[in-house]
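Participant: Listed here are the chains, written in short residue letters.
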Amino acid sequence: MTEIWQWIHELLPWFDGAFASVVIILIKAIALVIPLMLVVAYFTYAERKVIGYMQLRIGPNRVGPKGWLQPIADALKLMTKEIIFPSKANIYLFFLAPVLAIAPAIAVWAVIPFDEGLYVANLDVSLLYVLAIGSVGVYGIILAGWASNSKYPLLGALRSASLLVSYEIVIGFALVTVVMIAGSVNLNAIVMAQQGGLLNWYFIPLFPMMIIFFISALVETNRAPFDVVEGESEIVGGTHVEYSGMAFAVFFLAEYANMIFMAVLAVILFFGGWHSPFEGIAYLEYGFAWVPGIVWLLAKSSFFMFLYLWVRATFPRFRYDQIMRLSWKIFLPWTIVWIFVVALMTQLQLGPWF
Amino acid sequence: MIDKFGKLIEDFSLSELRGGMQITAKEFVNKKITVQFPEERTPISPRFRGLHALRRYPNGEERCIACKLCEAVCPANAITIESHRREDGSRRTVQYDIDLFKCIFCGFCEEACPVDAIVETKIFDYAFLDSRKGSVMTKERLLEVGDNNEKAINEAKAQDAKYR
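Residue numbers (our numbering), protein chains in the order written: chain L, 641 to 994; chain Y, 4 to 167.
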């Protein structure tokens, strides 16, 4: 990285100072967002294929070979569609809402370390940043529900707000255990602390937290079986009812970007981030040393992304009060208990994690 | 007490969730049963009651003798027939309309016909492309369907004959 930087510096001596750093940040952001959008597009394709396969169907297969161009066709369709807004809606808030939904969904990616030293920003408090920006995302949904001036979207927004409040606490407590072991709220440091092979990853001491985190991530991203915010069979489409065309597509992008982010975050916190699973195993470690860390990160997170689809294909939607019960009566006590367990383990210096 | 404890263990090991996910995982790799419709078709019974057709004798003479039995038996009143005496003295139809919006595809017209003139073919993938008027099958169109599908109609009749 520094060599490339020097080379650029020699080639273009005027390329320096504040201007240069702004340009570099912009390039980094674009290099992050464009692949992200592509992954989102093909994640929707994967979703339709996987769920189709689990329902003994074969999913989209008409556009292009094996349906590979389906997401492109969907994107083109949504872009050319008319954007309709309700006549009594608050137009400014109505169009601000999708922006407020997508901006945090992309902004959280800034602190994700894809490999050793491969990140847009290395904040000391990146985990707190993730939690804070993640909470902002709900404003998009609430504003969408409110600004639509329509009943189903408002119901969806209310549900979303109360769900987010409940599960933010659970996620917070689950992450406290990770921070307790790693001793840092910097995602880089958390991944570095898991160095040294499969047994050092945090999913072993924090197995229940890992499951709770994943289920809470389903709720945070409004995924089945907790998709009461959209709840097609109950409140039509929830906050999406009045949105069409690109405004709807932006919500869609935000939702899927959040899902992928939660999968990557789960890998970083519990499955050793960019570290290879073969570290510390005599021959395999050197055999796989040529694989870049980002490949491991993406491979591990694609398992979690598959899990999202698998769960959606399997479980029926939870009733609203059941979701609340799950949060306040089961997850919250369980996370608090596990904080004490982790504290005890830290004191006793148990295992390779502390 | 023991039962309750066992239930607790079962709940916390997420056994039911895992069971459900095992089923979907099994189906994920199972053979898919989708029929790719325009290219592949499911088998159709010889008794299938689809689009109507009027048949002719092998010498080209139309079978229908305008007896109006089908018109009488039609429970949906979908059939309209006008008859006249042709120059050679035989009784024939001038108008034979079936309104496909009214038709319930019960097959009674086919059962009632003494000369096997009106039949229901296996055709089901038709659409009224021009307008709603296209939903009325006139005599000419019915004869055309019959001429185009005479072979298929004969095959279906032959297959079903031994059960009649």
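Careful, some of the hints might be misleading.
[To be verified] Some chain L residues flagged as far from chain Y (calculated, every beta-carbon gap over 12 Å):
{"#": "1", "residue": "V690"}
{"#": "2", "residue": "A713"}
{"#": "3", "residue": "A761"}
{"#": "4", "residue": "N762"}
{"#": "5", "residue": "D764"}
{"#": "6", "residue": "S775"}
{"#": "7", "residue": "L794"}
{"#": "8", "residue": "L798"}
{"#": "9", "residue": "E808"}
{"#": "10", "residue": "P848"}
{"#": "11", "residue": "A889"}
{"#": "12", "residue": "E919"}
{"#": "13", "residue": "S942"}
{"#": "14", "residue": "M964"}
{"#": "15", "residue": "I979"}
{"#": "16", "residue": "T986"}
[To be verified] Okay, the calculated beta carbon distance ranges per label pair:
{"#": "17", "chain 1": "L", "residue 1": "V977", "chain 2": "Y", "residue 2": "E42", "range": "23 to 29 Å"}
{"#": "18", "chain 1": "Y", "residue 1": "D6", "chain 2": "L", "residue 2": "F980", "range": "25 to 31 Å"}
{"#": "19", "chain 1": "L", "residue 1": "R959", "chain 2": "Y", "residue 2": "E153", "range": "58 to 64 Å"}
{"#": "20", "chain 1": "Y", "residue 1": "E13", "chain 2": "L", "residue 2": "V977", "range": "18 to 24 Å"}
{"#": "21", "chain 1": "Y", "residue 1": "E42", "chain 2": "L", "residue 2": "F928", "range": "30 to 36 Å"}
{"#": "22", "chain 1": "Y", "residue 1": "D163", "chain 2": "L", "residue 2": "Q962", "range": "29 to 35 Å"}
{"#": "23", "chain 1": "L", "residue 1": "F946", "chain 2": "Y", "residue 2": "Q39", "range": "22 to 28 Å"}
{"#": "24", "chain 1": "L", "residue 1": "L839", "chain 2": "Y", "residue 2": "L11", "range": "49 to 55 Å"}
{"#": "25", "chain 1": "Y", "residue 1": "P46", "chain 2": "L", "residue 2": "F946", "range": "47 to 53 Å"}
{"#": "26", "chain 1": "L", "residue 1": "N701", "chain 2": "Y", "residue 2": "E114", "range": "40 to 46 Å"}
{"#": "27", "chain 1": "L", "residue 1": "P932", "chain 2": "Y", "residue 2": "K35", "range": "54 to 60 Å"}
{"#": "28", "chain 1": "Y", "residue 1": "L11", "chain 2": "L", "residue 2": "A772", "range": "32 to 38 Å"}
These are calculated hints, taken from the structure and not from any lab test. Just so you know, these numbers come straight off a predicted model, no measurement behind them. Ideal Cβ positions, reconstructed from N, Cα and C, are used throughout, including at glycine.
Participant: Run every hint past the structure and note whether it holds.
Facilitator: Comparing the hints with the structure gives:
1. V690: Incorrect as stated: the minimum Cβ-Cβ distance to chain Y is 7 Å, not above 12 Å.
2. A713: Answer for A713 of chain L: holds, closest chain Y Cβ roughly 18 Å.
3. A761: holds (37 Å)
4. N762: The claim holds: N762 of chain L sits with its nearest Cβ about 36 Å from chain Y, beyond 12 Å.
5. D764: For D764 of chain L, whose nearest Cβ neighbour in chain Y is about 36 Å away, the distance exceeds 12 Å, so it holds.
6. S775: Answer for S775 of chain L: holds, closest chain Y Cβ roughly 28 Å.
7. L794: L794 of chain L is indeed farther than 12 Å from all Cβ atoms of chain Y, at 32 Å.
8. L798: holds (28 Å)
9. E808: holds (23 Å)
10. P848: violated (8 Å)
11. A889: holds (28 Å)
12. E919: The claim holds: E919 of chain L sits with its nearest Cβ about 29 Å from chain Y, beyond 12 Å.
13. S942: holds (15 Å)
14. M964: holds (18 Å)
15. I979: holds (18 Å)
16. T986: Label holds. Min Cβ-Cβ 24 Å, cutoff 12 Å.
17. L:V977 with Y:E42: 23 to 29 Å: violated (58 Å)
18. Y:D6 with L:F980: 25 to 31 Å: Because 28 Å falls inside the window, the suggested range holds.
19. L:R959 with Y:E153: 58 to 64 Å: At roughly 60 Å between Cβ atoms, E153 of chain Y and R959 of chain L fall inside 58 to 64 Å, so the hint holds.
20. Y:E13 with L:V977: 18 to 24 Å: holds (19 Å)
21. Y:E42 with L:F928: 30 to 36 Å: Once the Cβ atoms are compared, 44 Å apart, the range 30 to 36 Å for F928 of chain L and E42 of chain Y is violated.
22. Y:D163 with L:Q962: 29 to 35 Å: This hint is violated: roughly 55 Å between Cβ atoms.
23. L:F946 with Y:Q39: 22 to 28 Å: Since F946 of chain L and Q39 of chain Y have Cβ atoms about 26 Å apart, the given range 22 to 28 Å holds.
24. L:L839 with Y:L11: 49 to 55 Å: violated (29 Å)
25. Y:P46 with L:F946: 47 to 53 Å: violated (36 Å)
26. L:N701 with Y:E114: 40 to 46 Å: holds (42 Å)
27. L:P932 with Y:K35: 54 to 60 Å: At roughly 36 Å between Cβ atoms, K35 of chain Y and P932 of chain L fall outside 54 to 60 Å, so the hint is violated.
28. Y:L11 with L:A772: 32 to 38 Å: Between L11 of chain Y and A772 of chain L, where Cβ atoms are some 37 Å apart, the hint holds.
The structure does not agree with the numbered hints 1, 10, 17, 21, 22, 24, 25, 27 stated previously, though it agrees with the rest.
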